Structures are given as structure tokens and as C-alpha cells.
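Protein chains in written order, with my numbering: chain A, 1 to 326; chain B, 1 to 294; chain C, 1 to 444.
The hints are simulated quantities; they were obtained by calculation from the structure and are not laboratory data.
Keep in mind that this is a model prediction, so the values were computed, not measured.
A portion of the hints provided could be inaccurate.
The list that follows gives simulated cross-link-like pairs (lysine-lysine, DSS-like), each with its CA atoms no further than 27 angstroms apart [to be verified]:
1. A:Lys-87 to C:Lys-441
2. A:Lys-83 to C:Lys-441
3. A:Lys-182 to C:Lys-259
4. C:Lys-205 to C:Lys-259
5. C:Lys-259 to C:Lys-174
6. B:Lys-159 to C:Lys-76
7. C:Lys-334 to B:Lys-159
8. A:Lys-87 to C:Lys-434
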Amino acid sequence: MSVNLHTERADPAPPPPGPGRHHSRSSRRFWSQMDLKATPYFLISPYFILFAIFGLFPLVFTLWVSLQDYGLAGGDASFTGLKNYTKLLADADFWNAVINTVGIFALATVPQLFLALMLANALNKRLRGRLFFRLGVLLPLVTSVVAVAIVFTQLYGRDFGLFNWLLGFLGVDHHIDWQSAKWSSWTAIASMVDWRWTGYNAIIYLAGMQTIPRDLYEAASIDGASSRRQFWSITLPMIRPTIIFTVFVSTIGGLTLFAEPVMFASNRMDGGATGQFQTIAMYIVEQGFRNFDYGYAAAAAWLLFILILLGVGINYTFVRRIGGSK
Amino acid sequence: MTAITRVRPAGRARGDGKRDPFRATPLTKIALGFTVLLSAFPIYWMIIIASRTNSDAVDVPPPLLPGGNLGENVQRVLNTEDAHFLTGLLNSLIVTSTVTVSVVIISTFAGFAFARLHFRGRNLLLGSILLTMMVPLQQMGIVPLYQLMVSLGWVGTLKAVILPYLLNGFGVFMMTQYTDQAVPEELVEAARVDGASTLRIWWNVILPAVRPGMAVLALQTFMLNWNEFMWPMIVLTPENPTVQVSISFLTAAHTTDYVLIFTGTALSVLPLIVVFVAFGRQIVGGLMEGAVKA
Amino acid sequence: MMNNMRRGRMLAVASVMTAALGITTACSSSDTGSSSSPAPAETITLTLQTFGGGTNFGYKSAVEKWNAEHPNVQVKYNNLTDSFENVYWPQMLQWLQSGTGAGDVVGVDEGGMGLAKARPQFFTDLGQYGLQSRQADFPAWKWENGLNSEGKLFALGTDVGGMSICYRTDLFKKAGLPTDRDEVSKLWSGGWDDFVKAGQDFQAKVKDAKFVDSINTIYNVVLSQEAAKNGNVTYFDKNQQLIVDKNPAVKTAFDFSSKISQAGLTAKLQNFTDPWSTGFVKSQFATLGCPGWMLGVVSGTAGDRFKGKWDVATVPGGGGNWGGSWLAVPKQSKHPKQAAELLNFLTSPEGQLMAFKEGGNLPSSIPAQDNPGLQSATNAYFSDAPIGKIFGPSIKSLQPTFLGEKHAQVKREVEQVLNGMDQGSVPYGQAWQKFIEAGQKAAG
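Let the sequences and hints guide you as you build the complete structure.
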């Protein structure tokens, strides 16, 4: 999926003069001029009108709300300027949520995209039952996030979960309390994300791989390049745009992670006793809708946005280097 | 849909024997088979628990085969009044369908304009859409959107979970790319020469050509919206939930009733699985085509 | 291009979606129809929202009786969640604020009353419906806590806490401890240190179960006892000032909880969570602190399989009062008159006795407390324990604990530190400091 805007395309503005037929040539021309000039705006207007109401307004208004201090549940609000931001930047719980979010994101995304690449490479081979395998790896996508979280949370149960039972065979005798530590809760949540999205990303990569001309590989084979070598020097660079796209989507999804950790914490927003797996989205909801500090939640939302911009930027520059620069 | 032809790896490599880099080794097959098993297991597990009893659900060793209580458990979910499960299912269908239709139409319109029409500020506007794709609207806007819904008196209504989702920057972007690939510039110009108005061109030329893209976008939007959780959880009430919210209330109110929760969960993914089984080939083909065209 | 069959299916999807859209418009128009005020003869439905595990408020039989007697006013009884501070109360506050979502009659735990009193805009004035007449039914403190900051009556009391220890006779037997309730009570009649000693004896013999359920249950038991010795305050003094770091009651309760956790006697299951509830079914612990309402949590959660395996003993360290709730009618109720009538019935001596019978919730209403049936009541689930005799004498002398406006907020946060300490994510040495900080932060 190339992020190609066609920005270079010049506007060949002059419209072909319409062959006027019988009557009222000028009025017809007027309408056709109007059509050419105005209709494009008419066509894009639904998007921009809705965006103004449900996108731009909340965005701007969030800024205003973030400058207010709200009393607990129905208490009064007062203007406090940047106090929410300064307080937030010094709030260890907020930074804890940031670290958790970034940590879970890294733990989920890196193996996920790597596995997806391997999987796509395997699916790209000639094999029987191709559709079956493709549908098989996509299956997790059609479950719901909440369902995944419920099932995995039960599987990760401390005393009666399947995973601890299986670990017992590997010699892990004590029952791991998955929720109670950072490493274990992050792993559990990352596994939910990975289970759901790896197959999807593999299919996207597969699509990219199939646009690569086969001749390239044949030529490389004749030159004696191993298939691993071919993967690194042909496949990877050729699907770089696709990788950029998936990284982009995973970054936004990962930094706004919510449903999985919430269900993992039995519907609570605190992410464990010491906030081991509280993500920023949970933190925002906790501040806004559990402690009713709307201003503080709004300030956190703005910082989340900045984090996403940073994340997308960093990942973009990083992924651009994959397979050498072009 | 050229994806179909592309899906088949080039046949002419077949004769090359050992040096064919596209030959699947046994290891590849085993790895793929294992992945499919892993993908299916949690769904299988859901069915195991949904068809058993609560004491089975916390047994060690865990049960590995389905039991015989599925029918009874489904009955129990439907009879659990406070879960409003059927309301949730119907609501989700309403919300998701409305959103899907809206996103597809808005995106097709805008995609046509951006890909094939010439107007002032086009690149700037398209660029702004691309930028807004990075804004996590549900998190960013959660507080003001909620306050907006409160002041409109829309908390607890479906309007509150439909309206903010009617637009989708990704959809516009995708349809722009798709239209650009699927509709030759000359076709549009030829129609112009014939005196067709812009809307007529959209109807007669664009719409037939981008229909596959619309279908892909529709499927993706449907699946994405069906999963929406954070905003519905905040703005809806237990009496009038979407299916995800209904399940989350179910888990809160019936903590130890694993069977009830799992059966509800299984029922909630059933519509998606049905769609997946019926349109599996199209979904895979569509995803792949969308991935390379857009 | 796609082949015809595929196109056909895609169109089918599209038409299903369009059909669903049709439903939208149909539904939304019927929605507006039903929200207009109903004709008097029409059946109205009241929603009763409560919280708590097991049998929670114990209103099943009372609601059935009401529904049988009031064919035109049907009640839906929704217990929303086990957990008051973590799930129920924040959600309820959000609904109260937004004007939608709260039921017609809602339960409020003692921990939420401070805030509920301070927000007169949330609840209906019950005086309008003549419920001032109920004053003589209640002890003064229970009644006064139902008056809001404007002096209006907005809530009536349901139950009171009281305190006992519930224990599993079969597990005690396995550990070689006495099983008879009088002997068990004697086992720790010397106070909490005896209790810990009994726990260590228990743990020496039994490996697959722990002596107590969770750190925060035992903490609340001790806190309720200590509060009575320290001016009946916990986290806030009566001027709404945070005293979490200064109140000796809090420190004593904290230290004891820490001790029992370090002794390895807890099952490390946070109360009112799924794993805790599962712990009842899987016999993961042998005792837990039991205010009256907890009896119903135990019987409702553990289920019939464990009937007769539980019993009730007296609590070490003297009486205490943990929990107890009120009912209120949110302003947003569309049928406040009928809601007030329902509230009146549920909090009446009759309603309270029905709840006592169903779940063990101890009545706050004086006539119900004086009812001879209550004094002689036994509980079949708990091996026919004479709960009337165990709780009866103490309920009249219970001391009300003052709880601040932000009590629920602070309780939620400090108990998280306790759980973290019990489960190992907060080192014992740092826990008290963290505990105070969490309290200060929550009090904002």
C-alpha cells in the first residue's frame, strides 16, 4: 500500500469545450462551468463537514477543557491555565502509563511484524490448500477484541488457567500470577494483540510480495543466491511501502491500546494493583470517567497525540532504512 | 479483480525442480499448519467452555473437548435479562451497518473528487485528510465528545455511537487510490466530451469501476466498527448497549459464571464468523487487492 | 473484474446492510414514541440497580413479591457488578451526571454516601413522597446519613454491617483444628494474635488452601474495629480533611494486614474479583471476615455444593461495622413516585427481613431488628448457625463510622497498594509510604 499522493501531478485545468447542441448555449455552458468548479467541493463536503463536527471540534475543545480544573463528579470547573499539563508531566502514574503503552507496543509489534513476514513468505510458496491456509491465518481477525481478551484472560488464569497448566509440564511449578508483574502482564496483553493481527499483516505482506516480478527471483537463483539471501535482498526492499503502511497502522493501534488491558483487568481502568499494565487510553478514561477530572484527562489526551506523532515519525524514519535506502 | 490471477504463483517455475525457490518445503507446511492451529485454538476453546459447565471451566487439567451443554447455555444467555444481549446484537448490527454505508458512500464521493477531478486546494485537502488519519479521535476527543453528547441528551442512544464514526480518513484515502487505479483518466474525459455532468460520470463511469474497492472498504469498516469498545462503553448504558458493551457488562455482573460469559462471547463473534465463512475468499482477495491497489 | 457469483454475494451484503438501515429508522422512530409519558393504565417498568457478590442486596424474593402485587409497576432487579468502588460507583456517578443510565432505585454503599450527600442535584427528595414518616424506624445515624447537604431526605437505609468470621468446617477438620463454632470462637478469643497463630497451625497442615481469602477483606475487618476505637473515622476526619497518615486505626489495620500477608496466610485473591469468586468454588481459603451481608456473598458465590460446609464464629478483637447501604431514587427517574414506593417497600421492616432471610443482610430498621424471628434465626447454609444470636446483640449498639466525600476514591487506591503488597509487586518495606501517597493522590 504505497503512500503515494500523486502530488506531482499537475492540474490540467482547461476542460474540454463541450460541443453545444441546439438551444441556450450560454446557460448550458454556465451550468457546466458551475458543475466543473463546484461539484468537486460538493463531493468532498460530507467528509469535511462531519470532520469539522466530530473531529476538529473535539480536538480544539479538548484543548480548552484541558485548561480547566473540574471538581469531583458534578463539582464546578474553574480555569487553571497550564496547571494540568505541568501536573501531568510530573505525575509518575502518567509516565508509568506511557512506559507501559510503549513497552506493550514494542513487545507486541516487533515480533508480530517479524512473524507476519515469515508467515507471508511461507504463504507465498506454491502449496496445496492455499486458500485454507490464508483463511486459517486470517481467522483471528473476525473474532472481536473483547472476545479475544476474555478468552485469553481465562487462559492466563493464575490457578486454573490453561497456560499455567501447560507451563507445569515444562517444569514451571509455581503458578504465575500473570496480572501481578509488568513482564508477565505485558507478555499476556502483547500475545492477545499478536494473535489477532499477525495473520492480517501476513496477508497484507503476501499481497505485496505477489507484485514482485518472479523473474527477479529466477535471475537470483541462477546467480546462486540462497532463498534467505533472496528474501533479504529482493523481497524485503520490494515490499517496503507495505511494511511502512503496517507499521503506521500498528503504531496508532498500539499506542491507543484499550480493550485488551481493560478486560484483562476485569473491567477496571487501573491496570493492576500498581498499574503494571495501565495504558495511556486507560489512564485517560480513569482520570476522566472514574475520577471525573475532565481537564486532566483532556491534557493527557493531548500528550497522547504528541506521542503518536513522535511514534509515527520515529518508526517511519526507522522503517525507511529497511533493506538499504533507495 | 486482477488479484485472482496474481494469487496463483507463476506456473512456469514448476518444471525447475530443486532450484525452484517457491517450492514449499515440509518445514514450511508444518509451520503453516501449526499457525492455523494456533489461530483456531482460542476460538475452539471458546466453544469448549460455552458447551460445558462452570465447574468444568476451572478444572485442572482443563477440558480439551466440547461438552453437551451448548443449547442450554445459549438459552441461559438469552434469558439473562440484565445482559440485554439480543438488544446489543441488534444495536451492533444497526450501528455497524449505518456506519459502513456512510463511510463507503462518503469515501467513494471524496475518492472520486480527489482522484479524477481538478479543483483548487485538492492536494492540500487530501494532505490534511492524511494528517488527520494520525489523530486518535476516540481518545483525543473523548471528553468533549462526551460533554457534547450530554448536552444534546444523546447519552445512552445509538446516535451517540453512530455519528462520530460516519467518516473515516482511511476510507477516503483508500478510495482515492483505488479510483486512481481503477478508472482511466480518458474514460472520465470521454464522458465529459459526451456532455455528462460530474454526478452522472460518478454514477455511470466511477461507480461500476470501483465497486470491488467499495466492497473491500465495506468489509473492513464493518469489522472495525463491530469491535468498537472504548467510546460505546463510556457513552452507552446497560439497557441499550452494543454487543461488545453488553458482554463487558455481562462479565462485570456474572463474574464466576464463565460459561455464561463465554457463551455470550461466542454468540457475539458468530455474525463475523458467518460473514467470514460465506465470503472468506472475497475477504482474502479483497484485502490483498486493497493492499496493493491503495 | 470480479465474476458474477462474487458480485452477487457482494450485492447481497449490501442489501442486508441497507435492510438494517431501514431498521434503524424504524427503531429510532419507535424510540421517541416510547419516551413520551405513558398513559396511566400502562405498565411501567422500574429498574433497581445494586452491586455486590452472591445474593448482594438479597432482594430476589422481595422483588418477586412486589411484582406479583403490582402488575402495573414491574421491577427489573439488576445487580451490576461485585465491586462497588472500582466499577459500580464510578459508573453510577457518570450516569447521574449525564442524566441517563441510572436506574429508578439505586443502591449506594456507605463509602459513596459522603459524595451522594454533597450532590443534591443527583437524587430525588423523598420527602415529597411522604417518606419522612419513616424516621422512627431507623437509628439516628442511619437516618441522618440519608439527609443531603440541603437537609433533604434522599436515601433510606437498607442494612448494617456487623462482623463475624465465616470458616470452612471441612478445611478446619483437615487441619486438625476444632470445627464447633464455640470452640472455634474460643480459639481466637484472645484477639488477632491468636487468629494468626491458628492460621499458622492451619497452614502447617494444609497446603492446597490458605487460611484467609484476601488481604483487603481482613484489612477492612480490622479497620472497622479500630475506627470505633479512634473516634469513628477512617481516611477523613469530620471536617473532610485527609488523615490517612495520622489515624492510628489505619496504621494498625495496615500493619496487621501486612503481618498476615507476610506470614503467608492469604490466598492473594483480591476481594470482589473473578479469581476471588472462583476461590470459593475451588476451596482456596478457609476463613473470611463476614459482616452480615457477606453471608449472602458466600452462599451465593460458593453455591449449593458447599452448603453445610461453612459456619460462623465470633470475630477476634471485638465488634465492628463494615458496610451497610442505602437506597436512593435518581432525579433522572421517569417514575419517581412509583420508585419511592418501591424504595419504601424494600427498606420497610418487611423488606429488610426478607433480605435478611435471603442473604443474611442485617436489618437497619429498628422494628425489624426487634423482630423475634430475627433473634432466633439460624442460617441453613452455614450449618444452621444461630446468626440471630451471633449478630443480634451487637447490631443495636453498632457505631456509625464517618466516611468522607472522597472515601470511595481513597479506599480504592489505598487498597490497591495492599493488594500489590500481597501479590508481590510492592515490597513490604515500601508499602506504607506508597499507601499514604496513593491516599493523598486520590484525595487530590
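Hint by hint, which ones does the structure fall short of? none
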